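Two independent chains are provided; combine them into the complex using the hints.
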Amino acid sequence: MKIICRKLLQCYLKLLVVVAVFFYRPIIIAIAGSTNKHFFKEQIKDRLVLAGFAVRSNPKDFNTEIGLPLAILNLPSGYHSYKKWWPIIWRAPAALFKKLPRILVLELGVSDRGNMKYLLSLVEPRMVIITDITQRYLEGFDDIEELMDEYEYLVGRVNHRNGLVVLNYDNLKVRELAEKTKAEVCFFSLNDDIVVKNSRPGFWSASIIKKEEGAQQIIIRHETKQQEHRINRPGDHHIYALLAGLIAEEKIGGLDHD
Amino acid sequence: MFERTRSLQLSVIKQMEIRAAKYPDVISLAQGIPSFDTPLGIKRRVEKALERGVVAKYSLVPGLPELRELIEISLAQEKIFYDWQKEILVTAGSIEGITATILAVTSPGDEVILLDPTYASYRELILLAGCKPVFVSLDESKNWSLDVKKLEAAITPKTRAILFCNPNNPTGTILDKQQLLAIGNLAKQYKFFLLSDEVYKDFLYNHDNQEPFFSLAEEPSLRQWVIRFFSFSKSYAMTGWRIGYLHSDEKITAEILKVHDSLITCAPVISQYAAMGVLEMGEGDREDFRKEYLKRRDLMCSRLDKLKNIFEYIKPTSSYFVFPRLRFALPNSGGQDFFGRSSSWNFALELLDKAGVAAVPGLAFGPSGEEHIRLSFGRSQSDIEKAFDRMDKFFNAI
Numbered sequence: 001m002k003i004i005c006r007k008l009l010q011c012y013l014k015l016l017v018v019v020a021v022f023f024y025r026p027i028i029i030a031i032a033g034s035t036n037k038h039f040f041k042e043q044i045k046d047r048l049v050l051a052g053f054a055v056r057s058n059p060k061d062f063n064t065e066i067g068l069p070l071a072i073l074n075l076p077s078g079y080h081s082y083k084k085w086w087p088i089i090w091r092a093p094a095a096l097f098k099k100l101p102r103i104l105v106l107e108l109g110v111s112d113r114g115n116m117k118y119l120l121s122l123v124e125p126r127m128v129i130i131t132d133i134t135q136r137y138l139e140g141f142d143d144i145e146e147l148m149d150e151y152e153y154l155v156g157r158v159n160h161r162n163g164l165v166v167l168n169y170d171n172l173k174v175r176e177l178a179e180k181t182k183a184e185v186c187f188f189s190l191n192d193d194i195v196v197k198n199s200r201p202g203f204w205s206a207s208i209i210k211k212e213e214g215a216q217q218i219i220i221r222h223e224t225k226q227q228e229h230r231i232n233r234p235g236d237h238h239i240y241a242l243l244a245g246l247i248a249e250e251k252i253g254g255l256d257h258d
Numbered sequence: 001m002f003e004r005t006r007s008l009q010l011s012v013i014k015q016m017e018i019r020a021a022k023y024p025d026v027i028s029l030a031q032g033i034p035s036f037d038t039p040l041g042i043k044r045r046v047e048k049a050l051e052r053g054v055v056a057k058y059s060l061v062p063g064l065p066e067l068r069e070l071i072e073i074s075l076a077q078e079k080i081f082y083d084w085q086k087e088i089l090v091t092a093g094s095i096e097g098i099t100a101t102i103l104a105v106t107s108p109g110d111e112v113i114l115l116d117p118t119y120a121s122y123r124e125l126i127l128l129a130g131c132k133p134v135f136v137s138l139d140e141s142k143n144w145s146l147d148v149k150k151l152e153a154a155i156t157p158k159t160r161a162i163l164f165c166n167p168n169n170p171t172g173t174i175l176d177k178q179q180l181l182a183i184g185n186l187a188k189q190y191k192f193f194l195l196s197d198e199v200y201k202d203f204l205y206n207h208d209n210q211e212p213f214f215s216l217a218e219e220p221s222l223r224q225w226v227i228r229f230f231s232f233s234k235s236y237a238m239t240g241w242r243i244g245y246l247h248s249d250e251k252i253t254a255e256i257l258k259v260h261d262s263l264i265t266c267a268p269v270i271s272q273y274a275a276m277g278v279l280e281m282g283e284g285d286r287e288d289f290r291k292e293y294l295k296r297r298d299l300m301c302s303r304l305d306k307l308k309n310i311f312e313y314i315k316p317t318s319s320y321f322v323f324p325r326l327r328f329a330l331p332n333s334g335g336q337d338f339f340g341r342s343s344s345w346n347f348a349l350e351l352l353d354k355a356g357v358a359a360v361p362g363l364a365f366g367p368s369g370e371e372h373i374r375l376s377f378g379r380s381q382s383d384i385e386k387a388f389d390r391m392d393k394f395f396n397a398i
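Just so you know, the protein sequences line up as chains P and W, in that order.
FYI, in the numbering used here the residues of the first sequence are 1 to 258.
FYI, in the numbering used here the residues of the second sequence are 1 to 398.
One should not assume that every hint holds.
What the hints assert, rightly or not - Just a few of them, taken from the derived set where beta-carbon distance is under 7 angstroms, the chain W residues facing chain P:
1. Leu40
2. Arg44
3. Glu69
4. Ile73
5. Phe81
6. Asp83
7. Gly130
8. Pro133
9. Pro220
10. Ser221
11. Arg223
12. Met281
Said to hold, decoys possible - Below, simulated DSBU-like cross-link-like pairs (lysine-lysine); rule was C-alpha separation at most 35 angstroms, straight line:
13. W:Lys79 to P:Lys211
14. W:Lys48 to P:Lys45
15. W:Lys149 to W:Lys177
16. W:Lys86 to P:Lys45
17. W:Lys188 to W:Lys149
18. P:Lys225 to P:Lys7
19. P:Lys45 to P:Lys251
20. P:Lys225 to W:Lys86
21. P:Lys211 to W:Lys258
22. W:Lys22 to W:Lys79
23. P:Lys7 to W:Lys43
24. W:Lys48 to W:Lys79
For the record, the hints were derived by calculation from the structure and aren't laboratory data.
None of the values given here were measured: they were computed from a predicted structure.
Ideal Cβ positions, reconstructed from N, Cα and C, are used throughout, including at glycine.
This is chain W alone, in the form it adopts within the complex (with noise of 0.2 angstroms):
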C-alpha cells in the first residue's frame, strides 16, 4: 500500500504554512503569495464570460482557441514563436504542465536533472513519476550562477531532462543567456529536454543595467528540447485560478496532450476566461505590481541589512523572494546554529514560535538551500515592517 507515495512528503512550504495557521497572529513571509487581490477588468472578463453561459462546459483539452490564440500572439512579443493549434496547451498552473511534462518525457528510472537550490515540489513530482532527482547545485559566490562542467558531470545515460526555474525561487536570481545556451548545447550533445519554468519572469528589478531576460524558447534550434512553463499565478495576483500554459514543439506537445487529458481533461474554464482578460488588458496591472514589489525588495533588504549580525544575502534580481544565508555554522558544516540546534527547519520553526514570523527553511529547496531561509516580499509593505521589527525583538532578546 502507498508505494508510490511513501518516498513523498508535503512540500516543506505547505508544511510551514500548516503549522503557521495554528498561531493567530503570524506573519507569513513563507509562501509565495502575491497580497494583492486579481485586478478588476479581469474579473470583469470572468462575469461577462458567466452572463453569457460559457463557462460551464469543458472546453478543447488543449485550451480554449481563443486563449491559445491570445497566447501565441504575446509569445511572439517575446520573440518567441509557437503555433497555438499544435504547439500551445493550457494547463492548471504551471505545476499541473511540469507534472504532465515529467510523465510525458521520462520513464521510470530516468534521472532528472535540478539546480540546486529549486522549487520545493519538483523533487516529488520527479519521485511521482518513477525517476530519480538529481541536484546539481549553483554556486553562491558567484550570484549563484551555474558552473557547467558540474552539470556535464551529472549527466548520465539515465539523464533523460534537466528542470530549472528561472528567474530562481528561492534565490531571485537570474541564469544569464551564456548560461543557458551552454545546458542548450549540453541537452543537444546528451540528448535530454529542457523543462524551464520562467513563472517569474516579468518580475524584473534592473531594467536599466540587466541585459533583457533570455528564454531558450527564444533559440530555434533547440525547438526539439525545449519546454517551457508560464503561469498567471504570481504576474497577475491569480494563483487561486490555477491557470498557466506550456508550449513545446508539437511533436513533443501531442505527448503531454495525452497526459493532461488523463489528468484534468482541462484546464478550468472560467480561469481561462480569466487569462484571457490578461491578455486583452493585464499588462498595465502587471507593471504595478512590479513596481511594487521593487520598493518592497528595497525595504525587506534594507531591514535584512540591519541585521547583518544573523544574515547574509544576495540581492535579488527578480522573482519575489530573498534568499539570506544564516551567518553562523550549523551542526551539519560541523559546527553550532543559533540555537544549538540542526538546521534551517529548526530555525524557521524557532521564529516562528517565538517571534510569529514564518519563513521557508533552506532545506526545502535542496542540499544547497540549508543553512538558508526563504523570505517572500509578496506581502504588503506594513506586513514586512511588522515581520522585520518582530524579528528585531527576537534576536535583540537572543
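For reference, chain P alone in the conformation it holds in the complex (with noise of 0.2 angstroms):
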C-alpha cells in the first residue's frame, strides 16, 4: 500500500514538473557528486543572487525521485506523516500559477541504479557540476563502476551546443568524466600547477594563503588571472565550493538564453 502510495505520487509530481519546467522554462543547474553538493549549492546560489539573477535551490536534502519535484514546485515534504502529505498534495496544482525563478540550482542525488535517469526526465540541466565521487557512498549500487554509470549518463545528456560541465580536478573519477560529454567542460582544482604552469583556458585553480580561527585567506588562478578571497569557513570543500561559484557566474552568461 505504501509503495503504491508512494508511486503515485510520485507520478502526480513528476506530472506537475514536466508541466512548469515546459512553461517556465528555467535554466537548471544540476550538482551531483557523493559528498559536499549542499555547500556547493549554496555558495552558487550566493553568488549568482549577488549576479542579480532569480534562484531558487532545494532546501534541505530534497533531491531525491520526490524531494527534487519538491524542491522545484517549492512545496513542503510531508515526510512519513500521511497526514501531512495531503494538504500538499491538494495546494500542490497552484504551484504552477507561481513563476519559477530564471535559475534553479538543484542537488540531484542518487543512492540506486536508474535513479539518474528518473530524475532527469524531470529537468534538463544546462550547466552540470560534480563535486567528488568516492567508495563510502555506494549504498544500492554494487560497485564504483555502477555508480560511475550513473554520472556519465547524467554529464551525456549536456546539451554540447549551450551546456557546460564543471568537474573537480583533483578527483580521478570525476576528471575523467570529461571524456564522457561532448559539452564544454571546466575543471577547479587546489592544485595550482595546472593552472600556473600551463595557464590552461577553461581551469580554476585555488590555494591557501593563510588559516586563521576558522578561516580561509585564499588566492585563485583562472588562465593568467589571480585575485585573492577570503572564506569564513574552514575546510577544503568550502575552497572547491567557491571556485564552482565562480565558474557559475562567470559562465552563466552564456547559457542565460535558449
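Shown next, in the form of C-alpha cells:
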C-alpha cells in the first residue's frame, strides 16, 4: 500500500513538474556527486543572487525522486506522515501559477541504479557540476562502476551546443567524466600547478595562503588572472565550492539564452 | 587490584534507579529519560538502512561522512562553523566523547574544574583519567550563576580544562554569553581547554524574553580551546541509541580521534543512520517535544508551589529538570534535617521508600547540590501528577 501511494505521488508530482518546467523554462544548474553538494549549491546560489539573477535551490536534502519535484515546485515535504501529505497534494497544482525563478540550482542525489535517468526525466540541466565521487557512498550500487554509470549518463545528457560540465580535477573518477560529454568542460582544482604551469583555459585553481580562527585566505588563479578571497569557513570543500561558484557566475551569461 | 576503579563509584543517579527497580509501583522522577519514543521518521530511516544492508560494517572512525556533512550543515545554522572532514567526530552519546576528550587533553595529576552542581558522571570520568576534579560552586542566590573571580581563584598550574554542562543539569539554568566569554578569556589567559556539554540546548522555555542561546563554539578566537559536545539522546528521545558528536579545531580533534578509535572504533553505525534521520527530518519532532516539556515544567512547578513549606526552587529555563532545595537545615549545615538524618541521600531514600517516588539526591551533583533533590519532568504529565499526589500524601502524614 505504501509503495503504491509513493508511486502515485511520484507520478503526480512528475506531471506537475514537467508542466511547470515546460511553461517557465528555467535554467537548471545540477549539482551531483558523493559529498558536499549542499555547500556547492549554497555558494552558487549566493554568487548568482549577488550577480542579480533570480535563483532558487532545493532546501535541505530534497534531492531524490520525491524531493526534487518538491524543490522545483517549492513545496514542503510531508515526510512519513500521511496527514501532512494531504494538504501538500491538494495545494500542489497552485504551484503551477507561481512563476519559477530564472535559475534553479538543484542537487541531484542518486542511491540506486536508474535514479539519474528518472531525475533527468524531470529536468534537463544546462550546467552540471560534479563535486566528487567516493567509494563510501555506494549504498544501492554493487560497485563504483555501477555508480559511475549514473554520472556518465548525467554528463552525457548535457547539450553540446549550449551546455557546460564543471568537474573536480582532483578526483580521478570525476576528471575522467570529461571524456563522456560533448559539452564544454571546465575544471576546478586545489592543485595550482595546473593553472600556473600551463595557463590552461577552462581551469580554475586555488591555494591557501593562510588559515586562522576557522577562516581561510586563498588565492584563485584562472588563465593569467589571480585574485585573493577570504572564506569564513574551515575545510577544503568550501574552497572547491567557491571555485565552482566563480565558474557558474562567469559562465551563466553564456547559458542565459535558449 | 582495582587500583584505578577504587576511588570511583556508580553514579548516584544509576544507584537510585537500581534501588527504585526493586519497588514495583515506584514513579521515577530520577533518571533523565524522555517519556517519548523515537520519532517515526527516524525509525523509518533506520529501517531503510537495514533493508539496504549498510549497517553491519564499521564506519570510518570519525563517523559516516554523510552524517558528518549533515552535522556541519546543522551547526552552520547555529553560526558554528567546523569542517566535517577534520573537525567533527561522531561519538557513542556525549559521555563517550567527553571521556575520550578528557583522556586526550589531560595527563594524570592534572586538574579539571567542574562548576558545582554539575552532571554526576563528570567526577568519575575525571578520576578515571587519573586527574583531580576541582569544584567551583555556582551561586544559587543569583540563579546559579558563576562568580568569575571564584573560578579564577581555583585555577592552578595543573589546571588543564574546565568541563561544564550548559544548559546545566541538574539546575536547568543557563550561563549567559557574558559569563561564558569571561570563562573563555580565562582559558586563553591560563591556557586550559573549555569542554562544553550542550545536550539540553534544544529545550529552552523562555523564548520571548531570553537572549538566544550562546555557545563558546560560536567564538572564532576560542577555536584552539573549545571542545563542544552534543547528543541526540535528549532532543529526539534517543537515549538508547547512544549517539552524539563533538567538534573542535582539527589539531585537537585529531588527538581525540585516537582515543575514540581505541575505545570504540566507531559509533554504532545503525545509530549513525538514526542520527541522519534526525538531521534530515527531525526538527518538527524536537519542537513538539519542547512544547510538551514546557507544559510539564509548568505543571511540576505548580505542584512544587503547593509544597512550599517543603521545597523552594528556581524555575528552570531549560533542560527537563527542577532542582528544589529542601527547606530545612541539615546536620552538615549545623541543624537537623526533616527526618533527623544527614543528607539529601537519606531524604531521597525516604521519599522512595515511603512515598514510592524516585528522585536523585543533590549530593550526586557535587558539594553545592547537597540539601537539594533533582526531579525530572521528562516523565508524562500523568506520572508527574501521580508522583506529586503521593508526595502530598506523604508530607501531610508527617
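Hint-by-hint comparison with the structure:
no. : hint                 : verdict
1   : Leu40                : 5 angstroms, holds
2   : Arg44                : 5 angstroms, holds
3   : Glu69                : 6 angstroms, holds
4   : Ile73                : 6 angstroms, holds
5   : Phe81                : 5 angstroms, holds
6   : Asp83                : 3 angstroms, holds
7   : Gly130               : 32 angstroms, violated
8   : Pro133               : 31 angstroms, violated
9   : Pro220               : 4 angstroms, holds
10  : Ser221               : 6 angstroms, holds
11  : Arg223               : 6 angstroms, holds
12  : Met281               : 5 angstroms, holds
13  : W:Lys79 to P:Lys211  : 19 angstroms, holds
14  : W:Lys48 to P:Lys45   : 31 angstroms, holds
15  : W:Lys149 to W:Lys177 : 17 angstroms, holds
16  : W:Lys86 to P:Lys45   : 26 angstroms, holds
17  : W:Lys188 to W:Lys149 : 16 angstroms, holds
18  : P:Lys225 to P:Lys7   : 51 angstroms, violated
19  : P:Lys45 to P:Lys251  : 14 angstroms, holds
20  : P:Lys225 to W:Lys86  : 31 angstroms, holds
21  : P:Lys211 to W:Lys258 : 24 angstroms, holds
22  : W:Lys22 to W:Lys79   : 47 angstroms, violated
23  : P:Lys7 to W:Lys43    : 21 angstroms, holds
24  : W:Lys48 to W:Lys79   : 32 angstroms, holds
Violated hints, listed in ascending order, are 7, 8, 18 and 22; each of the other numbered hints is respected by the structure.
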